[in-house]
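Taken in order, these protein sequences are the chains called H and X.
Our numbering puts the first residue of the first sequence at 309, with every later residue one more than the last.
Our numbering puts the first residue of the second sequence at 14, with every later residue one more than the last.
It cannot be assumed that every hint is accurate.
[As the list claims (entries may be wrong)] Label pairs and their in silico Cβ distance ranges: (1) H:Val559 x X:Leu395: 22 to 32 Å; (2) H:Arg401 x X:Val318: 51 to 61 Å; (3) X:Val318 x H:Gly354: 22 to 32 Å.
[What the hints assert, rightly or not] Far from chain H, by Cβ distances over 10 Å, these chain X residues were calculated: (4) Gly35; (5) Ser106; (6) Asn108; (7) Ala332; (8) Ser338; (9) Ala392.
Worth flagging that the hints you see were computed from the coordinates, not collected in a lab.
Positions of the beta carbon are idealized from the N, C-alpha and C atoms, including for glycine.
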Amino acid sequence: MRRPRRTPLISRRSAEEAGLRRPSGPPRRPRYVIALEDVHRVYTLGDIHVHALRGVTLRIERGDLVVIMGSSGSGKSTLMNTLGCLDLPTRGRYLLDGIDVRHYDPDDLADIRNRKIGFVFQSFNLVPRTTALANVELPLAYAGLPRQQRRARAIAALEEAGVGDRIGHLPSELSGGQQQRVALARAIVTNPSLILADEPTGNLDSRSTGGVLDLFARLNNEGRTVVIITHEPEVAHLAKRLVRLADGRIVEDVRYAAVGDPAPDHARAVPG
Amino acid sequence: MISVETMRIAIGGLLANKLRSGLTILGLTIGVASVIVLISVGTGSSRTVQASIQSLGTNVLIVSPSFSIGGTEAALSPPATLTIADADALQSSFNDPDVKSASPVVNASSATMVYGGTSYSPSQFVGTTPSYLTAHDYTIAAGSSFTNADVKNRNHVIVLGPTVVQELFNGADPVGDTVQINGNNFTVVGVTASKGTNGTTDEDDIAMAPITAVQDTLSGYGSINSITVQAKSSNDLDAAEAEVDQTLETQLGTTAESPGFSVTNQGSLLSASSSTSSVFTTLLGEVAAISLIVGGIGVMNIMLVSVTERTREIGIRKAVGARRSDILSQFLAEAVLVSLFGGIFGVVLGIVGSQFTIAGVHPVIATYSIFLAFGAAVATGLFFGTYPASRAAGLQPVEALRYE
Numbered sequence: 309m310r311r312p313r314r315t316p317l318i319s320r321r322s323a324e325e326a327g328l329r330r331p332s333g334p335p336r337r338p339r340y341v342i343a344l345e346d347v348h349r350v351y352t353l354g355d356i357h358v359h360a361l362r363g364v365t366l367r368i369e370r371g372d373l374v375v376i377m378g379s380s381g382s383g384k385s386t387l388m389n390t391l392g393c394l395d396l397p398t399r400g401r402y403l404l405d406g407i408d409v410r411h412y413d414p415d416d417l418a419d420i421r422n423r424k425i426g427f428v429f430q431s432f433n434l435v436p437r438t439t440a441l442a443n444v445e446l447p448l449a450y451a452g453l454p455r456q457q458r459r460a461r462a463i464a465a466l467e468e469a470g471v472g473d474r475i476g477h478l479p480s481e482l483s484g485g486q487q488q489r490v491a492l493a494r495a496i497v498t499n500p501s502l503i504l505a506d507e508p509t510g511n512l513d514s515r516s517t518g519g520v521l522d523l524f525a526r527l528n529n530e531g532r533t534v535v536i537i538t539h540e541p542e543v544a545h546l547a548k549r550l551v552r553l554a555d556g557r558i559v560e561d562v563r564y565a566a567v568g569d570p571a572p573d574h575a576r577a578v579p580g
Numbered sequence: 014m015i016s017v018e019t020m021r022i023a024i025g026g027l028l029a030n031k032l033r034s035g036l037t038i039l040g041l042t043i044g045v046a047s048v049i050v051l052i053s054v055g056t057g058s059s060r061t062v063q064a065s066i067q068s069l070g071t072n073v074l075i076v077s078p079s080f081s082i083g084g085t086e087a088a089l090s091p092p093a094t095l096t097i098a099d100a101d102a103l104q105s106s107f108n109d110p111d112v113k114s115a116s117p118v119v120n121a122s123s124a125t126m127v128y129g130g131t132s133y134s135p136s137q138f139v140g141t142t143p144s145y146l147t148a149h150d151y152t153i154a155a156g157s158s159f160t161n162a163d164v165k166n167r168n169h170v171i172v173l174g175p176t177v178v179q180e181l182f183n184g185a186d187p188v189g190d191t192v193q194i195n196g197n198n199f200t201v202v203g204v205t206a207s208k209g210t211n212g213t214t215d216e217d218d219i220a221m222a223p224i225t226a227v228q229d230t231l232s233g234y235g236s237i238n239s240i241t242v243q244a245k246s247s248n249d250l251d252a253a254e255a256e257v258d259q260t261l262e263t264q265l266g267t268t269a270e271s272p273g274f275s276v277t278n279q280g281s282l283l284s285a286s287s288s289t290s291s292v293f294t295t296l297l298g299e300v301a302a303i304s305l306i307v308g309g310i311g312v313m314n315i316m317l318v319s320v321t322e323r324t325r326e327i328g329i330r331k332a333v334g335a336r337r338s339d340i341l342s343q344f345l346a347e348a349v350l351v352s353l354f355g356g357i358f359g360v361v362l363g364i365v366g367s368q369f370t371i372a373g374v375h376p377v378i379a380t381y382s383i384f385l386a387f388g389a390a391v392a393t394g395l396f397f398g399t400y401p402a403s404r405a406a407g408l409q410p411v412e413a414l415r416y417e
C-alpha cells in the first residue's frame with residue numbers, strides 16, 4: 309500500500325478548499341466542517357420507496373461537539389452513513405470540509421473517508437485477530453504512510469486514548485471499554501476533520517461509558533470536531549449542541565454551549 | 014500492485030485460519046505433485062520402451078518367419094523356413110548394397126551350463142555369427158570373440174555376458190575354461206562388456222556361440238529363428254529393408270503379398286513407440302491437470318467462504334479508507350499465496366514421489382513438468398482467486414458494516 313495515491317477527481321478550487329493538494333502552505337479551511345443542504349435519501353425496495361431523510365439542512369462548525377438524537381427509524385443511521393461518506397444523498401448537497409461529495413466514485417470516497425473522517429462504531433469494529441497497534445495503523449497504511457511513521461503516530465494515538473499499554477493485544481483480549489478506546493485511537497490517528505461516532509457507548513457498561521465520554525470531551529477540547537449519534541440521554545449531556553431527528557427531519561436544534569467553550573460535563577443533570 | 018504490506022496482511026489472513034489454509038494448500042499440493050509424478054512416469058516408461066528398442070542394436074532389421082495373410086485368396090500362408098543360406102544371400106553386395114551384415118540366429122532356449130558344481134541357464138543362448146555382436150553393440154571386455162573360422166570349423170567356443178560370468182564363475186575370469194552345456198564341452202573365449210539392463214531384460218545375461226556348433230549340439234539343423242540384418246547407416250535402414258524383402262522373396266519363392274516372413278524395422282518401431290508414449294504421457298498429464306483444476310476450485314471455494322466470513326472486516330477496511338484495489342489485492346494475494354505454497358510443496362512432493370518405482374516404471378522427472386505444474390498452480394490461484402476477490406472489492410461499505 310505504500311504507493312502514491314491517485315489524485316481524486318476534484319476540481320482545482322474544491323481540491324484547494326479541501327486541502328487535498330498537499331504541496332505548499334497550510335490549506336485554507338472552510339468554517340463549516342459539515343454542510344448539509346436539503347438532503348434527501350430514498351431507498352427503493354422494489355415498488356416501495358422509503359424516505360429515510362426528508363430534507364435535512366445542517367451546518368456544523370469546526371470545533372463543535374454535536375450530539376444527534378432520535379429514536380429508531382428516525383433516519384439516524386442514514387444520516388450517519390451520509391455524514392460518513394459511506395452513502396450518498398439521493399437529493400441535496402453535502403459538503404464535507406468544503407468538498408461536495410456527490411461527484412466522487414467509491415475509490416475517491418474511500419480517500420476522503422481516510423483523510424477527513426474518524427469513525428467510532430457501536431460494535432467497535434476492530435479488525436479481528438489483529439493487534440491494537442495494527443488496527444490503529446490501518447488508516448495510515450491505506451494512506452500510504454511509511455511503516456516507521458505509521459508506528460510512531462499509532463502509538464501516540466493509542467497513548468492519547470489511554471490504551472498505550474495495550475498496543476500488542478488482540479481485540480479479543482481487550483474489554484469493551486478498551487476496544488472502544490482503541491477504535492477512538494484509530495479514529496484520531498489520521499488527524500481527521502471530523503470524528504463521527506455512532507452509538508459509541510451502546511455496548512459499554514456505565515463505568516466504561518464515563519471513561520469513553522471523558523475521552524470524547526478531551527478530544528473536543530483539543531479542538532477536534534465531534535459528532536455523536538445516540539439515543540442515550542447520558543451521552544446527550546456531553547453536547548454543546550443537541551439535534552433531534554424524527555421521521556427523517558430535524559425537529560429540534562438546541563445549543564448548550566458556545567463552540568469555543570470547553571465540552572460540558574456529561575455527568576451533570578439532564579439539560580433543559 | 015501487490016506490495017510487502019499487502020503480503021503481510023495476506024499472510025495474517027492465512028495464519029488466522031491455519032487448518033483451512035492448510036487443507037486448501039494440500040489440495041493444490043496433490044494436484045501439482047500428481048502432474049509431476051504422472052508426467053515422470055510417462056517419460057520414464059517411454060524411455061524404457063525406447064531403450065529396449067535401442068538395445069536391439071544400431072541400424073538393425075530383424076527378419077523372422079511369420080504367418081502372413083495376403084494374395085488373391087486372402088489365405089493364411091504358413092511361415093517360411095529360414096536357413097543359414099538365406100542369411101548368406103543377404104550378404105550379396107550386388108543385390109543388397111545397403112546391408113552391412115546379416116547374421117543367422119538360432120536360440121537354444123533350454124541350454125543349461127555347468128561349471129564345477131554350479132549350473133546356470135542364461136535367459137538368452139544364441140547361436141550366430143560374429144557380425145551379430147557388432148550389430149547388437151556387444152563389445153568384448155576380456156578374451157576375444159569367436160571368429161568366422163570358428164563358425165566354419167564348428168568349434169565349440171562360447172562368448173559369455175557378465176551376468177553369466179557372475180553366476181557361473183562367481184566373477185572370476187573364465188577365459189580358457191570349459192563349461193558343459195547339455196553335456197557338450199564349450200571353451201570360453203571371451204566375455205562381453207556390460208551393457209546393463211534396458212529396463213525389461215538383462216542384456217548381460219547372454220551366451221553366444223557359433224551357429225554351426227549350436228546346431229550340432231543343441232538346436233538341430235532345422236530352420237533358424239531369425240536373421241539379424243545390420244544396415245550400413247540409419248539412413249539406409251529403409252532401403253536395406255526393401256532389399257531384404259526383395260532378396261528373401263526371390264530366395265524363398267514367395268510373393269510380396271504373402272512373404273512368409275516379417276521384417277522388424279528398429280527405426281519405425283522407435284518412431285511408433287515415441288508417438289505412442291507421447292500420447293500416453295499427455296493423457297497422464299491431462300488426468301493430473303484435472304486434479305490441479307479441482308485444487309483450484311478448492312482455492313475459489315475457500316476464498317468465497319473467507320470473503321463472506323470477513324464481510325464486516327472488509328466494511329471496516331473500506332470505512333477507514335481502503336480502495337477497491339486494496340481489498341482486491343489483499344484477497345488476490347491470499348489466493349496466490351495459497352497456490353504458491355501449494356506449488357512449492359507440490360514440486361517437493363512430486364520430486365520425492367518420482368524417486369520411487371511406480372508400477373514397474375522408474376519415473377524420469379521431466380524438467381518442463383515442474384515449471385508447468387508450478388506455473389499452472391499459481392495461475393490457477395490467480396484465476397480462481399479473481400472472482401472472490403472482486404466480489405470482496407465490490408462490496409458496499411454500508412452493507413458490509415451492517416453484515417452480521
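Hints, one by one, checked against the model:
1. Hint check: valine 559 (chain H) to leucine 395 (chain X), Cβ distance near 54 Å, so the stated range 22 to 32 Å is violated.
2. Separation of arginine 401 (chain H) from valine 318 (chain X) is about 42 Å and departs from the stated range, judged on CB atoms against 51 to 61 Å.
3. Checked against the given bound of 22 to 32 Å, the beta carbons of valine 318 (chain X) and glycine 354 (chain H), roughly 30 Å apart, stay inside it.
4. The non-interface label for glycine 35 (chain X) is consistent with chain H: the shortest C-beta to C-beta separation is roughly 17 Å, beyond 10 Å.
5. With a minimum CB-CB distance of about 81 Å to chain H, serine 106 (chain X) clears the 10 Å threshold, and the non-interface call stands.
6. At roughly 82 Å, the least C-beta separation between asparagine 108 (chain X) and chain H is larger than 10 Å, which holds for a residue marked as non-interface.
7. Non-interface call for alanine 332 (chain X) relative to chain H: violated, since the shortest CB-CB distance, roughly 5 Å, does not exceed 10 Å.
8. The Cβ of serine 338 (chain X) sits about 7 Å from the closest Cβ of chain H, inside the 10 Å cut-off, so the non-interface label is violated.
9. At the 10 Å boundary, the C-beta of alanine 392 (chain X) stays outside the reach of chain H, the nearest C-beta of that chain being 25 Å off.
Hints 1, 2, 7 and 8 from the earlier list are contradicted by this structure; the remaining hints agree with it.
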